[in-house]
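Visitor: Chain by chain, the residues:
4 protein chains.
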Amino acid sequence: MQVVITAVGPDHVGLADPIIHYVTNLGANIAEIQMYDHDEEALFAMLLRIELADEQYEAACEALKEIGRLKKLSVRVWSPQKRSQKPRLAICVTYRSEPALALLRAIRDGQISAEAAVMIGNRDACRGIAEQFNIDWHRIGDKQGQVDHRQMVQLLDQYEVDYVVLARYMRVLPPAVCWEYAGGRIINLHHGLLPSFPGIRPYHEAYASRMLTYGATCHFIVPELDAGNQIIYQSTFTIPHGMKLDEVIRLGQEDNEPQCLVEGVRRVVEGEVQLHFHRVVARK
Amino acid sequence: MQVVITAVGPDHVGLADPIIHYVTNLGANIAEIQMYDHDEEALFAMLLRIELADEQYEAACEALKEIGRLKKLSVRVWSPQKRSQKPRLAICVTYRSEPALALLRAIRDGQISAEAAVMIGNRDACRGIAEQFNIDWHRIGDKQGQVDHRQMVQLLDQYEVDYVVLARYMRVLPPAVCWEYAGGRIINLHHGLLPSFPGIRPYHEAYASRMLTYGATCHFIVPELDAGNQIIYQSTFTIPHGMKLDEVIRLGQEDNEPQCLVEGVRRVVEGEVQLHFHRVVARK
Amino acid sequence: MQVVITAVGPDHVGLADPIIHYVTNLGANIAEIQMYDHDEEALFAMLLRIELADEQYEAACEALKEIGRLKKLSVRVWSPQKRSQKPRLAICVTYRSEPALALLRAIRDGQISAEAAVMIGNRDACRGIAEQFNIDWHRIGDKQGQVDHRQMVQLLDQYEVDYVVLARYMRVLPPAVCWEYAGGRIINLHHGLLPSFPGIRPYHEAYASRMLTYGATCHFIVPELDAGNQIIYQSTFTIPHGMKLDEVIRLGQEDNEPQCLVEGVRRVVEGEVQLHFHRVVARK
Amino acid sequence: MQVVITAVGPDHVGLADPIIHYVTNLGANIAEIQMYDHDEEALFAMLLRIELADEQYEAACEALKEIGRLKKLSVRVWSPQKRSQKPRLAICVTYRSEPALALLRAIRDGQISAEAAVMIGNRDACRGIAEQFNIDWHRIGDKQGQVDHRQMVQLLDQYEVDYVVLARYMRVLPPAVCWEYAGGRIINLHHGLLPSFPGIRPYHEAYASRMLTYGATCHFIVPELDAGNQIIYQSTFTIPHGMKLDEVIRLGQEDNEPQCLVEGVRRVVEGEVQLHFHRVVARK
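Residue numbers (my numbering), protein chains in the order written: chain A, 5 to 288; chain B, 5 to 288; chain C, 5 to 288; chain D, 5 to 288.
Calculated directly from the structure, the hints in this document are not laboratory data.
Just so you know, not all the hints are guaranteed correct.
Pairs count within a copy or across copies, as identical chains cannot be separated in the list.
Unchecked claim - Dumping the calculated DMTMM-like pairs for lysine to aspartate or glutamate here, alpha-carbon to alpha-carbon at most 20 Å:
{"#": "1", "residue 1": "Lys76", "residue 2": "Asp21"}
{"#": "2", "residue 1": "Lys86", "residue 2": "Glu274"}
{"#": "3", "residue 1": "Lys248", "residue 2": "Glu44"}
{"#": "4", "residue 1": "Lys248", "residue 2": "Asp43"}
{"#": "5", "residue 1": "Lys90", "residue 2": "Asp113"}
{"#": "6", "residue 1": "Lys86", "residue 2": "Asp161"}
{"#": "7", "residue 1": "Lys248", "residue 2": "Asp41"}
{"#": "8", "residue 1": "Lys248", "residue 2": "Glu276"}
{"#": "9", "residue 1": "Lys248", "residue 2": "Glu45"}
{"#": "10", "residue 1": "Lys90", "residue 2": "Glu276"}
{"#": "11", "residue 1": "Lys75", "residue 2": "Glu267"}
{"#": "12", "residue 1": "Lys69", "residue 2": "Asp21"}
Between the sequences and the hints, there should be enough to build the whole structure, so can you do that?
Guide: Listed below in structure tokens is the structure:
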């Protein structure tokens, strides 16, 4: 089975060696290793993707977490095959509710075979949707919407989340969080076509360029400064001349974005695509 | 009626004054004036868009062309309303035949109300299509495909062309040609989404960015160094993961590009859109 | 003499015609006309650059302003040759004082032959400098620094300003203001290399790109949506590896930016460069 | 001592495991691992940076090369400390001779403490310089300048090269070559400011943008599709208005580029900077 191991700690001395030693002694096949050393913060991270015999999985989880405890590292072991029938999603939101709502409806209607384990917001705007669908809601932001992202990670762990879905969650995840859930577990909806319109106002920028085609992009977040956009799905719509920006945004937010997120999440949870060496590839 | 006057000459001394004098004395309303002075070549150009009483049109044409003869300027007078039932098109090509073919079929089938007045190629690759549709064909390129663009302008004048359609014509029009036919008369098909992928290999660039959405753009060519893309129509298609670049290009060239050009030309010749101060606007 | 006429009004009906009529009847040579029609606001603008006999200047000023009064247009007539010995500057600021201070010192020390006619701030941060150099100070911003730019134009007119110097004035001038003072009269200091780093955080962006070279750009502001940067002067500095961003910004703000602005303003007020068809050219 | 191990092979099955096993059994500290899987070619690569006791180095070289022979991998072991007094350079060229010439003079005059081990060209244009400085010359390009880059790697190995200096070598190194010499051993001179002007005609592009500042960039080449530019040194020069492009290019090629390359190479061979997790950092 494919197993993803992530480790995050304050420096690389004593991080890579014990984990790699353990894995090589286990006789696992190493499919991918990536390491990362942040230059501004004391943050060292590693991703291992390995092939393991099914019966070794539980013991490996235990042993690696024990290494984490001993070495004071944040270690996670996860396999996309463990819960492939019903992966557990955390749906993270800020103001816009349409994409989250579309995703919850798609799950309810059996269009997407997943479980909405928890909803997390840095604002209260989408709390009503969580109530409507009877899903646990956690507000993690303060009055200004500022987030202590360690709290987010605690929630993700507590709810045993397989995938983190950023459904118009308008905060940048810090590198540490990206690494904790590295390996194709964080799915973001961006409200513009990537890589052309990466900013926070993609509708405005495309409109200022007088484009007639607008789009949204569903992609994995990869914790590398220079990593490109790991696109899972993109959808577009075309407008007539003279349409006002407000109307364009409305079309995008109410129709195109929700549809884009639903299809993107479907592709991931049904195992059609996976992250492989910073690229999204079709899973054979 | 709306009348577009263009004038091109080697310098601005004595270019603007006589034409503007004539037009103001005529009592015409001036809707737009743009001037241009190339800094590397001796090339001065002016565009006037005016409102004229219908009965003044013929006399104004004569008088302005006479000014051109006297002052050694290249002067053109044109009105989109003169031949609005059946505008005459020049279809310019290089290698790819699909967009031109789709356009000719759309004209034949009455989908676009225009007349294919002439086909112009800098290569011979599309000659057969001209023969098939019984349209005059002119090859203007030498063995390397290099073009004397004055010859192109002569042909455009000789065939009394209203609109110049660059149907995957793979040469850059020099500024002088753009000015001779300024005012929304040159329609280009670009095989990528503008403004994101402006280069000569937009499929390759979008593919290298791992995009899943590809597009084509039909736009006016505006003879300003810094002018943005004057988009008439854009169309897109989405591919699955793992599709080879060859296949993407094939889909784009054989399906998306022809459709994009046909719809773009239709919008122009049916008067749905027009160029107005460097912008494409819906014609009221 | 070279004369620049600008006119701004709510629509083009009746704007261009009377001014162009007057100018052509005057027998002036027209060197440049540019027109502009804003698509979101009711804003129409025109720039004329003409050659006029010196003795006609005063009468033309009067007549054109009278046309403005009659037609309810905002009309300005200006010549760079009228006050070429001691052009009058408005120095506009927000927080950073270093560029303004360097400019005032250069004027005091005779390095730049100009007069600091007025200082305008949307914040109070630089008021002390105005007092120190005994220059009239006007605060035009509210508590949030928001500006009524009509008030700015009134001040510029009242102080008979030749050039507007934006010395780290951190507000975007609306198109109407740019047109009122079009023709190479608005000089901006941008704290990054243009066109590569156009945003509001150019140091951060260049730093994130791990550049070792940082720069500043002094340029004319041109009131066209698509106009490129009209660069008057650029200066750069190179840093060693490992320098913190704070230190880079400090070097740039305290040393490179002030020097860049002083040299740029010097080039303009001493007539070394001018704006000519959207380009900065050396004045012969 | 710091040791860099690179391995390149046709797939990852059996590549990572034996090398990582060997290194972990050796008791070496792992400082960095990066892996790469090309999606278009069958190309798998790995970089390990480890800390090793000095006395283990020779044995580790032997053992790892033996693993390479057995597993049919291309394995290289290298340490920047092995020949730190006089690193051996391969200087690769195409047409322009100035940067190579400046580098050879700096070596001759003791400004740079390195040895020019070999000159490699895909054209013959710079052969005379190799003869003048009595350095072995190898032409690796055919009549069109096309290169079999395996031949280049053979030469680099044969001459026991520490650093590969691309002194205006106008070919793109294929990923395999970049990986063989990964870890901060390939130094490129780019004739524009990175990341703003990355193309093959940076002077033309900056000139078309009407910049007054031009630059050159000395950087490591890193074999990642999405890696940013690993800048070692940048230098710039400023031009007056009206300077012709030819003259700008001449200034850049004859003065700025050579100086940029010499300073960049000096920083590397004297150990002032090194590559560390895709970043250039000051070596402590």
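Visitor: With reference to the structure, classify each hint as holding or not holding.
Guide: Status of the hints after comparison with the structure:
Only within a single protomer do Lys76 and Asp21 lie at most 20 Å apart by alpha-carbon distance; the minimum there is 14 Å, versus 26 Å between protomers. Taking CA atoms no more than 20 Å apart as the test, Lys86 paired with Glu274 passes inside one copy only; the shortest distance there is 13 Å, against 52 Å between copies. Taking CA atoms no more than 20 Å apart as the test, Lys248 paired with Glu44 passes between copies only; the shortest distance there is 9 Å, against 43 Å inside one copy. In the homo-oligomer, the alpha carbons of Lys248 and Asp43 lie at most 20 Å apart only across protomers (11 Å), although the nearest pairing inside one protomer, at 44 Å, exceeds that limit.
Taking the shortest alpha-carbon separations for Lys90 and Asp113, only the intra-copy value of 14 Å comes in at or below 20 Å, while the best inter-copy value is 53 Å. With identical chains, the CA atoms of Lys86 and Asp161 are at most 20 Å apart within one copy only, with a shortest distance of 15 Å there and 47 Å across copies. For the homomeric pair Lys248 and Asp41, the shortest alpha-carbon distance between copies (17 Å) is at most 20 Å, but the shortest distance inside one copy (45 Å) is not. In this assembly of identical chains, Lys248 and Glu276 lie within 20 Å of each other by CA distance solely across copies; the values are 17 Å between and 37 Å within a copy.
In this assembly of identical chains, the alpha carbons of Lys248 and Glu45 lie at most 20 Å apart only when taken from different copies (13 Å versus 44 Å within one copy). In this assembly of identical chains, the alpha carbons of Lys90 and Glu276 lie at most 20 Å apart only when taken from the same copy (15 Å versus 51 Å across copies). Taking the closest pair of Cα atoms, Lys75 and Glu267 never come within 20 Å of each other, the shortest separation being 40 Å inside a single copy and 42 Å across copies. For a Cα distance limit of 20 Å, the shortest separation of Lys69 from Asp21 inside one copy, 15 Å, qualifies, whereas the shortest one across copies, 22 Å, does not.
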